[in-house]
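Engineer: Based on the sequences and whatever the hints tell you, model everything.
From first to last, the protein sequence lines stand for chains G and D. Here the first sequence is numbered in the numbering used here, starting from 1 and rising by one per residue. Here the second sequence is numbered in the numbering used here, starting from 1 and rising by one per residue.
Hints were generated in silico from the structure; no laboratory data involved. Check before you lean on any hint, since a few could be wrong.
Label-pair restraints from in silico Cβ distances [unchecked claim]:
(1) G/Arg155 / D/Gln31: 36 to 44 Å
(2) D/Ala40 / G/Lys276: 19 to 27 Å
(3) G/Asn193 / D/Ser67: 54 to 62 Å
Straight-line C-alpha distance at most 30 Å; calculated BS3-like pairs for lysine-lysine [unchecked claim]:
(4) D/Lys62 / D/Lys30
(5) G/Lys62 / D/Lys127
(6) D/Lys42 / D/Lys32
(7) D/Lys32 / D/Lys62
(8) D/Lys30 / D/Lys42
(9) D/Lys32 / G/Lys276
(10) D/Lys127 / G/Lys276
(11) D/Lys62 / G/Lys276
(12) G/Lys276 / D/Lys126
(13) G/Lys62 / D/Lys126
(14) G/Lys59 / D/Lys126
(15) G/Lys276 / D/Lys148
(16) D/Lys62 / D/Lys42
(17) G/Lys59 / D/Lys127
(18) D/Lys148 / D/Lys32
(19) D/Lys127 / D/Lys30
Ideal placement from N, C-alpha and C gives every residue a C-beta, glycine not left out.
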Amino acid sequence: MHIRTTLAALALALPLVQPAQASSLSDFLGKAMENPDLVNSVVGAVQNTIDANRTIGPKEEKTLGDGMAANLLGAAPLVNNAGLQSYVNQVGRWVASQSEAPNLDWRFGVIDSPNVNSFATPGGVVLITRGLMDRLRNESELAGVLGHEITHVLRHHVTRAAQSGKGREAVANALQGVAQYKTDDARRQLGANVLSGVSEVYVRGLDKDDEFEADVTGMVLAARAGYNPYALVSVLQTLGEINPSDSSVQLMFSTHPSPQARLDYIDRTVGSRLEKYAAGIENTPRFGAATGR
Amino acid sequence: MKSFLAIVLLGLAGFAWAESGTLVRASELKQKPFTDAASAGKLGSGARVDIVARQGAWMQVKSGSQSGWVKLLNVRTGSGKGSGGGIGQIGSVLTTGSSGTTVTTGVKGLSSEQIRNARPNYNELKKLDGYDATRQSAANGAAANGLKARSVPYLVSRATTSDSTNGNDPQNRRRGP
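Structural biologist: Take a look at the structure:
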């Protein structure tokens, strides 16, 4: 399998790279077998070209996403409360289990920031701030928020945003950077810088349409999980009550459509279509136990 | 003593923070949170409401002498920036929005700067990995809390977004096919 991939890469590379002494494919392969460095350099060059252009696969998304999650956790660590962390994983994994990717490596965490925000990283990490957690009234609201972020993962919204424009190269570099960061101390700086470049997507924000899609699909996932899907409407109403000039919402408001615009979109797109599921669960005893409320 | 004071202050803050909103369309007030419940009156578009409670797709509201249930989606909170409804009452909404909340204005949170300057913390990621739930344990937990999975089709939403986007903003451009 691996050899076949390498051969295919070499065949692809031939017309591009034209090794000086290779006059035919078999000739080149013969030389290549004697000279591993040549193989590596050619495969490396091809790999870079591919990385910059293709849709990256699940494994790479996880590698990239875990690096981005490590970066976010470098900005704000996990809340030091094992009960709370396990609780959001119980709820998040249950909601994610209702999706077309129930067996992704889903991980959920509450990060120690008073800001109101939540983040998804490619491959299955979802982080919600303590500031947002504190404003949720019940478990169905949490399910709605997690459903929104789960949708960003399912539909590769963050990956696509990170790959857009100049980000394509940053993604390709990051895939190497992540590996280097873990294995080679001398390259730490490069890995961290490249990751920082890719993580710029959390400052720039996603496509507005992706945010709207995440709201609607998040409501559907919450409904599938047995919750009242309209709880996400209540969350957006809560966000709408926060003074936009408050520092705790600055990043979230600058990277998302306004809560009012999101409610208008849900109004038009969902309206009463999920009302037959509105009698679902609003809250659970475990929500109170985990949040101390 | 200190904690007693804190509790009193929290209580006061909670008491003072009454949620309010504005109707985006004329709405019939229902006596109960059901479409076929008896009418309890009518409110016009733009009417200010105090939010009393929420249930399912419904919200219990008060407006002047009237009270009853309206659809959640008929109500917008906040300044109404960027959408229809509520713009006439910006002043009072902002007052409500900024009073009695526990927001920590001035305290540094997770800002753009912090994300830009962050160094990857793989130890913290390892901790995160350790808290994960298996699919089975999440299903057991859900069942123990009364949750039942339901079959709900996805709603197709992308096709209707063109009127909600601003063509001048590159972030709004649709990607892909």
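Engineer: Evaluate each hint against the coordinates.
Structural biologist: Tested hints:
1. G/Arg155 / D/Gln31: 36 to 44 Å: Since the Cβ atoms of G/Arg155 and D/Gln31 sit about 41 Å apart, the hinted range of 36 to 44 Å holds.
2. D/Ala40 / G/Lys276: 19 to 27 Å: The hinted range 19 to 27 Å holds for D/Ala40 and G/Lys276, with Cβ atoms some 24 Å apart.
3. G/Asn193 / D/Ser67: 54 to 62 Å: holds, 58 Å
4. D/Lys62 / D/Lys30: Holds, at roughly 12 Å.
5. G/Lys62 / D/Lys127: Distance ~17 Å between G/Lys62 and D/Lys127 Cα, so the pair holds.
6. D/Lys42 / D/Lys32: It holds: about 14 Å lies between the C-alpha atoms, which stays within 30 Å.
7. D/Lys32 / D/Lys62: Answer holds: D/Lys32 to D/Lys62 is near 13 Å, not above 30 Å.
8. D/Lys30 / D/Lys42: holds, 9 Å
9. D/Lys32 / G/Lys276: holds, 16 Å
10. D/Lys127 / G/Lys276: violated, 39 Å
11. D/Lys62 / G/Lys276: holds, 26 Å
12. G/Lys276 / D/Lys126: Cα-Cα ~41 Å, so violated.
13. G/Lys62 / D/Lys126: holds, 14 Å
14. G/Lys59 / D/Lys126: The given pair, whose Cα atoms are some 18 Å apart, holds under the 30 Å limit.
15. G/Lys276 / D/Lys148: holds, 14 Å
16. D/Lys62 / D/Lys42: Distance of about 12 Å is within 30 Å: holds.
17. G/Lys59 / D/Lys127: holds, 21 Å
18. D/Lys148 / D/Lys32: Since the Cα atoms of D/Lys148 and D/Lys32 sit roughly 25 Å apart, the hinted pair holds (cutoff 30 Å).
19. D/Lys127 / D/Lys30: At roughly 49 Å apart (the allowed maximum being 30 Å), D/Lys30 and D/Lys127 break the hint.
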